[in-house]
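Residue numbers (this note's numbering), protein chains in the order written: chain R, 271 to 678; chain S, 271 to 678; chain U, 271 to 678; chain E, 271 to 678.
Bear in mind the hints are in silico, worked out from the structure with no lab data behind them.
When chains are identical, the list treats them as one kind, so a pair holds in a single copy or across two.
In the BS3-like style, the derived pairs of lysine-lysine whose C-alpha atoms are separated by at most 27 Å in a straight line are:
hint : residue 1 : residue 2
1    : Lys582    : Lys527
2    : Lys278    : Lys669
3    : Lys669    : Lys474
4    : Lys606    : Lys497
5    : Lys649    : Lys278
There are 4 protein chains.
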Amino acid sequence: MSRTNKLKILNDPIYGFITIPNTLIFDIIEHPYFQRLRRISQMGLSNMVYPGAHHTRFHHAIGCMYLMQKAVAVLRSKDIVISDEEEQGLYLAILLHDLGHGPFSHALEHFFMDSMTHEDLSLFFMKALNNVFDGALDLAIRIFTNKYPRKFLYQLISSQLDMDRLDYLKRDSFYTGVVEGSINSDRLIAMLHVVDDELVIEQKGVYSIEKFLLSRRFMYWQVYFHKTGLLAEQLLLRVLQRARFLIQEGVPISASKNLYYFLEGSTFDKTDTKSFLDQFSDLDDYDVWAAIKEWQAHQDYVLASLSQMIIKRKLPKIELSDQVFSEDYKQKIIYKMKTLEGIDEKSLPYFFFEGSIQNRAYNTEFGPIKVLLKDGTVKEWLEVDTQFKSSALLEAQKKYFLCYPKDL
Amino acid sequence: MSRTNKLKILNDPIYGFITIPNTLIFDIIEHPYFQRLRRISQMGLSNMVYPGAHHTRFHHAIGCMYLMQKAVAVLRSKDIVISDEEEQGLYLAILLHDLGHGPFSHALEHFFMDSMTHEDLSLFFMKALNNVFDGALDLAIRIFTNKYPRKFLYQLISSQLDMDRLDYLKRDSFYTGVVEGSINSDRLIAMLHVVDDELVIEQKGVYSIEKFLLSRRFMYWQVYFHKTGLLAEQLLLRVLQRARFLIQEGVPISASKNLYYFLEGSTFDKTDTKSFLDQFSDLDDYDVWAAIKEWQAHQDYVLASLSQMIIKRKLPKIELSDQVFSEDYKQKIIYKMKTLEGIDEKSLPYFFFEGSIQNRAYNTEFGPIKVLLKDGTVKEWLEVDTQFKSSALLEAQKKYFLCYPKDL
Amino acid sequence: MSRTNKLKILNDPIYGFITIPNTLIFDIIEHPYFQRLRRISQMGLSNMVYPGAHHTRFHHAIGCMYLMQKAVAVLRSKDIVISDEEEQGLYLAILLHDLGHGPFSHALEHFFMDSMTHEDLSLFFMKALNNVFDGALDLAIRIFTNKYPRKFLYQLISSQLDMDRLDYLKRDSFYTGVVEGSINSDRLIAMLHVVDDELVIEQKGVYSIEKFLLSRRFMYWQVYFHKTGLLAEQLLLRVLQRARFLIQEGVPISASKNLYYFLEGSTFDKTDTKSFLDQFSDLDDYDVWAAIKEWQAHQDYVLASLSQMIIKRKLPKIELSDQVFSEDYKQKIIYKMKTLEGIDEKSLPYFFFEGSIQNRAYNTEFGPIKVLLKDGTVKEWLEVDTQFKSSALLEAQKKYFLCYPKDL
Amino acid sequence: MSRTNKLKILNDPIYGFITIPNTLIFDIIEHPYFQRLRRISQMGLSNMVYPGAHHTRFHHAIGCMYLMQKAVAVLRSKDIVISDEEEQGLYLAILLHDLGHGPFSHALEHFFMDSMTHEDLSLFFMKALNNVFDGALDLAIRIFTNKYPRKFLYQLISSQLDMDRLDYLKRDSFYTGVVEGSINSDRLIAMLHVVDDELVIEQKGVYSIEKFLLSRRFMYWQVYFHKTGLLAEQLLLRVLQRARFLIQEGVPISASKNLYYFLEGSTFDKTDTKSFLDQFSDLDDYDVWAAIKEWQAHQDYVLASLSQMIIKRKLPKIELSDQVFSEDYKQKIIYKMKTLEGIDEKSLPYFFFEGSIQNRAYNTEFGPIKVLLKDGTVKEWLEVDTQFKSSALLEAQKKYFLCYPKDL
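When you get a sec, could you build the whole thing from the sequences and use the hints?
As structure tokens, then:
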């Protein structure tokens, strides 16, 4: 294929056109490891609440690269030197940062990957691709693992203002139709600067930072933690846990080969990452959907009824509260549930369960946000314009949920 | 559930909020026949070209109902009497008009449904739901089948300016990011009127009609017939045809029960529609995706390699032309193909095939568009303001395509 | 003119189409008192910073009426009875609520109207129109002055969640391009309800309220108080004060008749409101612009140079600070200024001045925002979901500004 | 001022952020010749029909520069060499291309400039600025006057697909809310290429060209020629003609100095362009508005009543027709008019007048649109994909209008 044919542009309803900058990136996008992201939904089961939210990790990754292109152009216009190799490293690192996501993204992350995070797995994928492409990802990997001396490159990939967050907030807000969550990625990027190899925001962007953090918090509580989506994902997790349990018990279960491999509990073998990655890269939302559809007719009551709840959208009840649910309250519900068909001591945890959700708007675990003042000094955002700062942005907010059958 | 809880609103990135008008409609939306539309992609495989286009028939159907609510309000404001029963009938008819769509919507319509159209099947579904809901859909069915005397109600469901077209053009344009295809549904609806029980457009809307027809033509040629999407759908069809062929030959094929049922070639039995509908309503995109994923490793070369092409997005070549491809040209390609591994006389039609696509912008098969002139008379659109009328809108445009392996 | 001709629709880039609901409202919109709003810019001189912000009070007033139409529809769908007369009253009251705005809206409010607010003057205009239209505005006036027993009608016109705020935030955000200020008016209106004749927001809207208040605060500090716009408006005020001073000194000044009338300091005469209103309704931005343009060549140094600053956009310096500027700091500047041509003790206050700006996000002066909990009780917003509440929303934020010549 | 302070960004509701690329361009934007465009409305009196259309030539010019920045980036990505000087020349030429527009843009072009077009005058302004900025505009002027050898640079400034058209269609569509007129400037620019120093569009953009031409035609007939806006502008012209006539008759007329200068009929003196330009650059919409407002009370019946029609929006009747109005029809109207107060043989032409409007969608006077085919050859657009080409795009469409008092 000629060079010109690979200089493709992609339509994006949000950004207009996205240009694929060169043939290496084109070839990596064409690789099955990356193409698989077309079959991983960005927002898990949120589309059960927000019917527009069917977008994929594929589109998100491409969108991140687009924002990175903008960020590079802005920084260069401010005389920050970024070499062509560093630029390429940034594009590759952000493009591939989510390669390790499994079916339904975060919803099932711990089920399929044990103690590994999707970032860990992304790194293994990047290394595997680096072999395929003869070391072309060396610098990208160094940036991604924060081993490259110029720290701001890493911060563009992973920090409180990284291109990942800028894209997913804008994109998820767009596809859900929850306009309150929309952020001004253009403005935030226009305010980026670099001082002492660290990413900073120019002072005139201080309000925009607060606005960004608040939009993010809004999206968490209104969308990502929406109780119906949360509930559906909890059910999904329990369906798969039940399937795994049944396999361990020797009960026959139909599932695609890849899915079965992971249901059996096959784990990551550091001596043979290649075969694990190949297996994992064949796993996507469709395997899970197809299995759940079949399981609706399975003889196991628990497996069948949980599967039906998801497919037919006959969801149980979920309660949210600022406080932990009292033992007394829970025992009353359990007492009533015992009269229901199919529920006994063993099956109870599949139909009655609780948990918590938590989010911190400004989270210094990811490093502080720094502001470049007009006088040339740099301060942490919290110390600038303090009268506007909301303490609520700093504290973790937490809610508890409790799920049990309707019509008790 | 109380009445209030069912007065839900749904987020739509296009229209903002959509209100579900009453409990009957809420209950029908909750029915598994309708919930299934969540798993039927609106645009087949167009998302292989336009990565944002993952929206579903579910969202489209709800969107159509929203536009119908607007249309009813506009017409009533112009003193057109529409009774509450007629209003309800309109909402139900438009909501359910696509219930008969199978996996990937139009792409596989003829494979799964033989000579039946999706509209035929929608009607069977509506009748089945009418039984469930004790005759509440009687009037909707009369409108849908054009047996209700007030013809404009049918025209709101099915005509050149029906709510279906208004929604799908706007929605598909939105999710693909192809802004040129966007139409002003607001304006078109605002211009609706009724004269002698027929739907008309007020004169000041004449330019908008032309704009609408041109946007529709644009979407056909630029999006729905985009050569990559077209190609992917042609491959999808051939994968399934091959699977059906192998089953007839007695070769074992893995597939979900529902899909297998249809691959075996089970056809519609008018004496037992219920069981057919139940089977069909279990069939969706996920069955097909899961099957193709498995088939990638099938021993049959044709089945495996076509499946891989789709999943790994390694598509063959497609040529488009205004003219029929010459026999000579085709023979030269076939001659070269004969040297390729796995291709012989019998497998050739799976790797070398042709066809045509065709569209007419203004199509009186669906009835003319009528315009209410300022002097109160009604004329066919073609006769109004004729100097602007493009003959190209009236003629069918046709293109031919030819597909064969790359790198010959 | 026939009834049909008056059922006009207006294009709005934000809402699409706005329908004028009946002939009375059409006639009032056509009245010169209302048409004048076409010549009053909505955002004063903000377009000197945000070049898109040239929209007018006319468009805002129409937009408010559109949102009111939506609010009435939402409330009625929740079985709140609103009579046709009340509906009409709401439309008229919101349409005319800004009729009393003078040139450049808030920027010059106190210069032209002394101690009267624009709301006071709006009321006089409404009464005058009520005479013209034979008492048709009786109910509108009762609602506007909060003398109608059903309090929620007044709250739709004037409260922390009134249709005025919903429109101006959305509209100003749209035309400035400051997307962070955009609010989801659709969602907020969808959440409206009425309990005990008071406006409330349903519980699921609590996050939206916070988002709305924060967007409003953002617009104040980023847009309405943008230092360049603020500066330009301060200059504008001083130009006019100088002109008034010169007239009092007997210096000839060119100005349109209406403007001259107000420069002379003519004040509102309660015994002859009609002639005052007629005079005031002839006054708009154009009078002021035209005068300033002429004054650029006036012999008075102060008048001429301030006028030139605005027209040629050669603005002086403005500093913003969280603290009051120290006497010491100010004296140093004044000391340097004394060396500049044209500046002496008397002219100094026109070239060196200070002031403050202040805003409170959640302001109970306009009444609390009340929330309808899921259990049917009503609580003040501040008491609901308290962990999210930002103290910064409750306190007034204040900044100080100081203006003086550049290049000292 | 430091370099950094001049690297300003401007908010644009359409494009997001626009970056001013360097200090020369910043200084030119700050020049009073350019700042004056803030007071010239882009669309004349169209805001009398589309109340959102208050945007200015200032914003349009900046928007054109933004699109030019995109075009330069696209072409360079396709290995078209554009030197830094050429880039600068393009930005300056497009930024200043409308500097010669007078009040209300096209509406009064011929009244104020006699036989000169606004482009002629723009050139004089550019030359004057070139003096101020020591020859920095040399290359811009050569490009603007098509005297630079590389023709595609001129074509980016002036051709059927120039950045001017791309911006004004998008901008006017945006501010009027007429979404059907919106064009995909992103896509069109992405398709630009250069062959033999001529601008071409890549083949995959052929449908977009047609879509663009049709949107433009739509905007002409639906918006620019909207009968109410057209009528208001015709009245405006006649008000000014009457004022000029009265001055010639010796009747005292109030007007700002600049406006009076042009009403007296002062014409362009090639030996003293500087003083003409200074005078012209002081003239803007506000002079005209202020004058008309005063003239409402003038003793001359014609001047006063035409002025009132505009300010109070009490417009006469306008008829549009595909054919010339018959003499017979016109005589009947004139006969009735003779009975009206204030109308006699001499004043008649101010109250009864006719004219025509005309537009050609594809107009080769501005050069053909050329298409780069996939095989590398270049063809005129008309010869590509001919079955879609509408003859209506090639022919000039023409309409006739006739204006006379209402209520005859």
